[in-house]
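Asker: The residues making up each chain are set out below.
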Amino acid sequence: MTTIPLGHLLILGAVLFTIGLVGVMTRRNVLILLMSVELMLNAVNLTLVAFSRYHGWTEGHVLAFFIIAVAAAEAAVGLAMVLAVFRLKGSVWIDDLKLLKR
Amino acid sequence: MLHDLALTAPLLILLFAAMFTLVVDPFLKADESARRFWGWFGAAFAGLALVTAALLFKFGPFEMQTPAFAYHLSASRYSLFFVALISMCTLVTHLASPKYMVEQGVSYGEYYALINFAAFGMACMVSAESLISLFISLEIMSMAIYVLVAFKRTSLASVEAGMKYFIMGAVGSALLLYGMAFIYGLSGSTTYVEIARALIKPQANGDFWLGLAMLLTGAAFLFKVAAAPFHMWAPDAYEGAPTPITGFMSSAVKAAGFAALLKFLFAAMAGPAMGELHTALPKIIATVAVFSMTVGNLLALTQKNVKRVLAYSSVAHAGYLLLGCVAWIADPTLAGYQQPTGAVPFYLVGYALASLAAFAALAAVGKNGEELTGEAQLIGMGRRHPYAGAVLALAMISLAGVPPTLGFFGKLQLVRDVLGVEDSKYLPHVVILVLNSVVSAYYYLRVTVYIYMRPEGRMPREYVRETSLDWAMGLTAAGILFIGALPGRAMQLGQSAVESLRTGVSVAHLAYEQLPLGPSQALQVRPPVENPAAQGSTEGQPGDQAAARPVPAREPAAKDAPAGIK
Chain A
1 MTTIPLGHLL ILGAVLFTIG LVGVMTRRNV LILLMSVELM LNAVNLTLVA
51 FSRYHGWTEG HVLAFFIIAV AAAEAAVGLA MVLAVFRLKG SVWIDDLKLL
101 KR
Chain B
1001 MLHDLALTAP LLILLFAAMF TLVVDPFLKA DESARRFWGW FGAAFAGLAL
1051 VTAALLFKFG PFEMQTPAFA YHLSASRYSL FFVALISMCT LVTHLASPKY
1101 MVEQGVSYGE YYALINFAAF GMACMVSAES LISLFISLEI MSMAIYVLVA
1151 FKRTSLASVE AGMKYFIMGA VGSALLLYGM AFIYGLSGST TYVEIARALI
1201 KPQANGDFWL GLAMLLTGAA FLFKVAAAPF HMWAPDAYEG APTPITGFMS
1251 SAVKAAGFAA LLKFLFAAMA GPAMGELHTA LPKIIATVAV FSMTVGNLLA
1301 LTQKNVKRVL AYSSVAHAGY LLLGCVAWIA DPTLAGYQQP TGAVPFYLVG
1351 YALASLAAFA ALAAVGKNGE ELTGEAQLIG MGRRHPYAGA VLALAMISLA
1401 GVPPTLGFFG KLQLVRDVLG VEDSKYLPHV VILVLNSVVS AYYYLRVTVY
1451 IYMRPEGRMP REYVRETSLD WAMGLTAAGI LFIGALPGRA MQLGQSAVES
1501 LRTGVSVAHL AYEQLPLGPS QALQVRPPVE NPAAQGSTEG QPGDQAAARP
1551 VPAREPAAKD APAGIK
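Protein chains in written order, with my numbering: chain A, 1 to 102; chain B, 1001 to 1566.
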């Protein structure tokens, strides 16, 4: 069985991270923004696990597991806020959130 | 084990207070007196954590500078100093909250639990000794703060502020993690000690990858402390958040962010570990500092809402503090650190007290779901609410850095510290800092003018006294005046905190050398078989980026040593 070289995994991670970052900066729907952030976090997970396998130690895996748990908590908080915004404003578009602009 | 628990006692006290509030609150009658009780309860436990941290600071066993919990947390004087500062901010925030939350109609027990969770996260953050514990504690803090900002869930401003802060904060966390992933890739470890040791070995293209990692983590840290150019969230979040929480964010979150940043730079990215970067890093930080203070001050000039003014002023203060950090890392060879003085911790104390006082005073005025934070709305505050008006004016004077107050001594110490670096190498930066202080005096004193010197007052007269809020304002104002009158002792404390960070790092390195086995090796699950297939195939492709990636392999020497740390 051939092993996937480290570089390929890192490049995939970088591509996913960039897609996520671009998504956060260009999309205007809050739900899509949350998905983009999740994508960034999972790109980090992939990078960490790749490095972890490369080093042959488990610390990267440990951090990746913590990231998964934290990402779940983050999604919960984020969706709760989307709900709160939707109740008050009836919209999940970030452009509608302009009360605080000076 | 017991030793570890004793060292983290202040953290555990904060955590206990949070959990107790959360569990018991549903069983209490949902009336105002119960909510007021949680304010006092949280304040009492924050005070207990403060006292515990102070006792450990004074009498603590100093073998404790060696990291606890398998190299993930430590209790040095450095971390204890900041735990005490954070507990103090938590105490004042608890005291300032009940009246405001009742007036705004969002008084719930969870609010006080969340403040304690955030405080616990911050206390862990300043004690963190590894990337894993740093990340988790940062998230514990941030998650609680996101919710607290959006806590007035019937107010669109609050929810909107929370939403914006949350999205930007989540991106910040992702950047931090990506940087951490590269640091892990370069060093093969997540604890600061091991990272510092692993990075010393020169690696191919190491500077590039390390620079990338520092860029990502640095951006995330700058985001957390609200330094320009990562400050965009600050004005919105500060304005929309409940006023006591705004005070909490500008004091405790900033202190925790700076403490964690400095520890990270000092312990993990120290000296030789940074390679060529160690000469560039102070210059970069100094440039960011100047940018941040200038942007913050200029934008603050145009604001009409005091909360927004203070938000931009907090961006400016992040700049001053970053310039203070330069004095620490200007010569970052682990052996040859210049003697850092306690300017940054001392400045943080002054800044935290002043902004807590200002936001407590702002929380005191305003009724029935309305906040009176517009500058024009403050007209007549000095006569209608003499106590709150005086505290707000004092806080502004201290933030501006006018002599008898604490803010002046903080700035003085900071400037002396920075000028001491390599024959006043950073003199131009200091000149910009002083000019910035002059600019900032304009908008700080403008608030004072509105409080006292405008004849036509529209501020509502009726003012319901609240004991806890009076205490919050009194404690912070007394702190500003008392420490301002006798700054020597507080400076000494800051100094010994900073020195302990320095010795702590070397003690940790010594202790590490005496271990039969590195801590991460104890966590190892499978024997680390070198993977010739993976490495061979990577190296076999010329031009593949992976071949250039400077990832050190571990020496197999220590691998058959007995497992276990203690």
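Hints listed in this document are in silico derivations from the structure and should not be mistaken for laboratory results.
Beta carbons: idealized from backbone N, C-alpha and C, even for Gly.
Be aware that a few hints might be false.
Said to hold, decoys possible - For lysine-lysine, the following BS3-like pairs were computed, each having C-alpha atoms within a straight-line distance of at most 27 Å:
1) B:1367 to B:1029
2) B:1367 to A:89
3) A:89 to B:1029
As the list claims (entries may be wrong) - Derived coverage of chain A by chain B (criterion: at least 3 residues anywhere in the stretch with Cβ under 8 Å from a Cβ of chain B; other residues may be distant):
4) 19 to 25
5) 40 to 49
6) 54 to 62
7) 65 to 72
8) 91 to 100
Asker: If a hint holds in the structure, say so; if it doesn't, say that too.
Answerer: Quick rundown of the hints versus the structure:
1. With a C-alpha separation of about 24 Å, the suggested pair residue 1367 of chain B and residue 1029 of chain B falls inside the 27 Å cut-off, and the hint holds.
2. As the CA atoms of residue 1367 of chain B and residue 89 of chain A are separated by approximately 24 Å, the hinted pair is consistent with the 27 Å bound.
3. Among the hinted pairs, residue 89 of chain A with residue 1029 of chain B is inconsistent with the structure: their alpha-carbon atoms are about 32 Å apart, more than 27 Å.
4. Note: the segment 19 to 25 of chain A has 3 residues with beta-carbon separation from chain B under 8 Å; the three-residue rule is met and the coverage holds.
5. Coverage of the segment 40 to 49 of chain A by chain B holds in this model, with 6 residues showing a Cβ closer than 8 Å to a Cβ of that chain against a need of three.
6. Check on the segment 54 to 62 of chain A: 8 of its residues sit with their Cβ under 8 Å from a Cβ of chain B, so the three-residue criterion for coverage holds.
7. Check result for the segment 65 to 72 of chain A against chain B: holds, 3 residues qualifying (beta carbon to beta carbon below 8 Å, three or more required).
8. Coverage of the segment 91 to 100 of chain A by chain B holds [criterion: at least 3 residues with CB-CB distance below 8 Å; count 4].
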